[in-house]
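S.K.: Quick note, the sequences are listed as chains F and W, same order. Taking full-length UniProt numbering, the leading residue of the first sequence gets 1, the next gets one more, and so forth. Taking full-length UniProt numbering, the leading residue of the second sequence gets 1, the next gets one more, and so forth.
These are calculated hints, taken from the structure and not from any lab test. Keep in mind it's a predicted model, so treat the numbers as computed, not measured. Just so it is clear, CB atoms sit at the ideal spot from N, CA and C, and this is done for glycine as well. Wrong hints could be hidden among the right ones.
A few chain F residues that don't get close to chain W, going by computed Cβ distances all over 12 Å [stated by the list, open to error]:
no. : residue
1   : 12
2   : 22
3   : 35
4   : 55
5   : 74
6   : 88
7   : 96
8   : 102
9   : 103
10  : 104
11  : 111
12  : 163
13  : 173
14  : 194
15  : 198
16  : 226
Straight-line alpha carbon distances no greater than 27 Å define the calculated BS3-like cross-link-like pairs of lysine-lysine that follow [stated by the list, open to error]:
no. : chain 1 : residue 1 : chain 2 : residue 2
17  : W       : 146       : F       : 146
18  : W       : 146       : W       : 31
19  : W       : 31        : F       : 181
20  : W       : 71        : F       : 71
21  : F       : 71        : W       : 177
22  : W       : 146       : W       : 181
23  : F       : 221       : W       : 146
24  : W       : 181       : F       : 146
25  : W       : 177       : F       : 31
26  : F       : 31        : W       : 221
27  : F       : 177       : W       : 31
28  : W       : 31        : F       : 221
29  : F       : 146       : F       : 177
Number of protein chains: 2
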Amino acid sequence: MSEKPNDAAATDTVTAAMLAIGDELLSGRTKDRNIGHLADMMTAAGIDLKEVRIVSDDHDAIVEAVRALSKRYTYLFTSGGIGPTHDDITADAIADAVGRECTHDPAAMALLADHYAGRGLEFTEARQRMARMPIGAAHIGNPVSKAPGFIVDNIHVMAGVPSVFQAMLDNVMPTLKTGAKIHSLSVACPYGEGDIGGPLAAIQKAHSNVVIGSYPRYDGKRFSTEIVARSRDLQAAQAAQDAIAAMIDAIVPND
Amino acid sequence: MSEKPNDAAATDTVTAAMLAIGDELLSGRTKDRNIGHLADMMTAAGIDLKEVRIVSDDHDAIVEAVRALSKRYTYLFTSGGIGPTHDDITADAIADAVGRECTHDPAAMALLADHYAGRGLEFTEARQRMARMPIGAAHIGNPVSKAPGFIVDNIHVMAGVPSVFQAMLDNVMPTLKTGAKIHSLSVACPYGEGDIGGPLAAIQKAHSNVVIGSYPRYDGKRFSTEIVARSRDLQAAQAAQDAIAAMIDAIVPND
C-alpha cells in the first residue's frame with residue numbers, strides 16, 4: 001500500500017507527453033531508461049503523463065511528433081539528439097517544428113567556450129553544435145557536461161544519456177505547474193484476474209471518481225494481481241481500497 | 001564488433017511500429033520491458049521498427065494510435081489490455097479502429113472453457129472477456145496462460161505481461177515477412193563526441209549508403225563513444241567501420 005500527500009493548492013489538470021529520439025532505441029541497441037524516470041517524476045508532481053512516442057533520428061518524424069504532442073499537452077519533454085555529432089539533429093527539428101531559426105546561441109557559445117578553455121580542450125566545430133537551439137530558447141542547466149538543454153514554447157529538450165537527462169529534469173521540475181497529487185492506493189491480491197474480474201468491475205462502477213487498475217503478475221507457475229485505486233480525492237481512493245480488500249477476503253480459493 | 005548474417009533472398013524494406021497500452025506504464029508503476037524486446041527481435045529479423053507509442057487505457061487514444069500506426073507501417077504490434085478485467089479495453093478499441101464488431105470468438109471460448117474445466121476453475125464472465133476479439137481475427141497462441149492474442153489486418157495484439165508477450169511474439173515471428181538483414185558494425189571509441197564529431201561527419205558524407213550512429217557514454221568522470229555503422233550492404237558497412245577505426249587511431253589525446 002502506498003500513499004502520497006495531497007497538494008490542496010493545486011487543482012487543475014496538468015498534462016505531459018514525452019518524445020524519446022534515437023535510432024538506437026528502435027534497433028534495441030539501447031534500452032530506454034528515461035521514459036520510466038520521467039513517468040515517476042511526473043506522477044510525484046501530480047502531472048498526468050498521457051502519451052509517449054519513440055522516433056528515429058529522422059527530421060520529418062521528429063517535427064511531426066513534436067507538433068502533435070506539443071499542441072495537445074501542457075508540456076512536452078524530449079530526450080536525445082542534442083550532442084555534437086552529425087546524427088544529433090533534434091535542435092534543428094525542434095526549431096523547424098516551432099517555426100524559428102536554429103542558430104548558435106550566444107550565451108551557450110560563451111558558456112561552452114569557457115568550459116573547454118578551462119579544460120585545455122579545443123572548442124571544435126562539433127562541440128559548437130551543442131550551442132545550437134531555436135532563437136529565443138531558454139537554457140536548461142547541465143551540471144554533468146555543461147552543454148545546456150533548452151526550452152522553447154512548452155517543449156523541454158534534454159539529453160539522452162540518462163545521467164544528463166536526470167540532471168536536466170531536476171532543473172526543470174521546479175519551473176513546472178504541478179497538478180493536484182493523485183493518491184494511489186494498492187492492494188495485493190493472491191488470485192488471478194479471472195477470479196476477481198467480475199466483482200472488481202462492480203466496484204469500479206460503484207466508485208466512479210476513482211480509477212481502478214488491475215495488474216497481473218506471473219511468477220512462472222501462477223498469476224497474482226496488484227489492484228490500484230487512483231484518485232485526486234483521498235477519501236474516495238480509501239473507500240475503493242476498502243471495498244477491494246473486502247472483495248478479496250470474501251473469495252474462497254479454488255484449490 | 002557484432003555482425004549478422006545476410007539474408008540474400010529478402011531485399012524489400014519491411015517496417016513495424018509498436019503500441020504499448022496501459023496507465024501503469026505512464027504512471028511509472030510498471031517499467032516497460034516489451035519495447036526493447038520487440039526492438040531486438042525486429043532487428044534480428046531485418047524489420048525496421050520505425051516508431052513506438054505508449055498510451056493509457058483510453059478508448060479514443062488507442063483507436064487513434066492504432067489507425068495512425070497500422071496505416072503507415074507493414075506491421076503494428078500492441079502490448080497490454082487483453083486480460084479479463086474492466087480496464088482491459090484493447091480488444092474493443094482495436095475492433096473499433098478496424099471497423100469490425102468485437103464478439104466472443106467461438107474458438108477462443110471453446111479453448112478457454114476446456115482450459116478452465118481441466119483445472120476445475122469456473123469459466124467466469126471475466127475470463128470469458130479474454131475470448132473477445134474483432135470478428136474474423138486469427139489467434140496468436142499463448143503457451144503460458146492459454147488466452148490467445150489475435151491478428152486482424154496487419155495488427156498483432158499481444159499481452160502486456162512480459163513472459164506472455166515474449167511467448168506470443170515467438171509464435172508471431174515465423175509468420176512475418178522479413179527484410180534484408182542490417183549489418184551493424186560497431187567501433188569502441190575512447191574519446192567523447194566533441195573530439196570526433198567533425199571527422200565523423202566527413203566519414204558519414206563519404207559513405208552515403210551506411211547510417212553511422214554515435215552513442216555517448218558517461219561513466220561519471222568522462223565521456224566515451226560507441227560508433228555504429230549500419231547498412232544492408234556488408235562491404236559498405238565494413239568500409240565505413242575501417243574509416244572510423246583509422247580516424248580514431250589518428251586522434252592525439254588532449255590529456
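S.K.: Decide, hint by hint, whether the structure agrees.
M.R.: Now for the hints, and whether the structure bears them out:
Here residue 12 of chain F stays apart from chain W, with its beta-carbon at least about 19 Å from theirs, past the 12 Å limit. For residue 22 of chain F, the shortest C-beta to C-beta distance to chain W comes to about 8 Å, within the 12 Å cut-off, and the non-interface label is violated. With 12 Å as the threshold on Cβ separation, the claim that residue 35 of chain F sits away from chain W is violated: the shortest Cβ distance comes to roughly 7 Å. Residue placement check: residue 55 of chain F does not keep its beta carbon more than 12 Å from all beta carbons of chain W (closest about 6 Å).
With 12 Å as the threshold on Cβ separation, the claim that residue 74 of chain F sits away from chain W holds: the shortest Cβ distance comes to roughly 14 Å. Residue-level check failed: residue 88 of chain F sits 8 Å from the nearest beta carbon of chain W, not beyond 12 Å. At roughly 19 Å from the closest C-beta of chain W, the C-beta of residue 96 of chain F stays outside 12 Å, upholding its exclusion from the interface. In this structure residue 102 of chain F is separated from chain W by more than 12 Å, as the shortest Cβ-Cβ distance comes to about 17 Å.
With a minimum CB-CB distance of about 18 Å to chain W, residue 103 of chain F clears the 12 Å threshold, and the non-interface call stands. With a minimum CB-CB distance of about 14 Å to chain W, residue 104 of chain F clears the 12 Å threshold, and the non-interface call stands. For residue 111 of chain F, the requirement that its beta carbon stay farther than 12 Å from each beta carbon of chain W is met, with the minimum near 14 Å. Non-interface status of residue 163 of chain F relative to chain W is broken: a Cβ of that chain comes within 12 Å, the nearest being about 6 Å off.
Here residue 173 of chain F stays apart from chain W, with its beta-carbon at least about 14 Å from theirs, past the 12 Å limit. With a closest Cβ-Cβ approach of about 4 Å to chain W, residue 194 of chain F is found to fall inside the 12 Å limit, against its non-interface label. Not every beta carbon of chain W lies more than 12 Å from that of residue 198 of chain F, the smallest distance being close to 5 Å; the non-interface claim is violated. Here residue 226 of chain F does not stay apart from chain W, with its beta-carbon only about 8 Å from theirs, under the 12 Å limit.
Straight-line distance between C-alpha atoms of residue 146 of chain W and residue 146 of chain F comes to about 53 Å, which puts the hinted pair past the 27 Å bound. Between residue 146 of chain W and residue 31 of chain W, the direct Cα distance comes to roughly 25 Å. Compliance with the 27 Å bound is thereby established for this hinted pair. Distance check on the hinted pair: residue 31 of chain W and residue 181 of chain F sit about 21 Å apart at the alpha-carbon level, within 27 Å; holds. Between residue 71 of chain W and residue 71 of chain F, the direct Cα distance comes to roughly 23 Å. Compliance with the 27 Å bound is thereby established for this hinted pair.
Distance check on the hinted pair: residue 71 of chain F and residue 177 of chain W sit about 36 Å apart at the alpha-carbon level, beyond 27 Å; violated. A threshold of 27 Å between alpha carbons decides the hint, and for residue 146 of chain W with residue 181 of chain W the separation of about 33 Å lies outside it, so the pair is violated. A threshold of 27 Å between alpha carbons decides the hint, and for residue 221 of chain F with residue 146 of chain W the separation of about 13 Å falls inside it, so the pair holds. A hinted pair counts as satisfied when its Cα atoms are at most 27 Å apart, and residue 181 of chain W with residue 146 of chain F does not qualify at roughly 39 Å.
Between residue 177 of chain W and residue 31 of chain F the CA atoms are separated by roughly 25 Å; this keeps the pair inside 27 Å, and the hint holds. For the proposed pair residue 31 of chain F and residue 221 of chain W, the alpha carbon gap of about 22 Å is at most 27 Å, so the pair holds. Under the criterion of a C-alpha separation no larger than 27 Å, the hint pairing residue 177 of chain F with residue 31 of chain W is consistent with the structure, at around 25 Å. This hinted pair checks out: residue 31 of chain W and residue 221 of chain F have alpha carbons roughly 22 Å apart, not beyond 27 Å.
With a CA separation close to 26 Å, the supplied pair residue 146 of chain F and residue 177 of chain F stays within the 27 Å bound.
Checked against the numbered hints listed earlier, the structure breaks hints 2, 3, 4, 6, 12, 14, 15, 16, 17, 21, 22 and 24; every other hint is satisfied.
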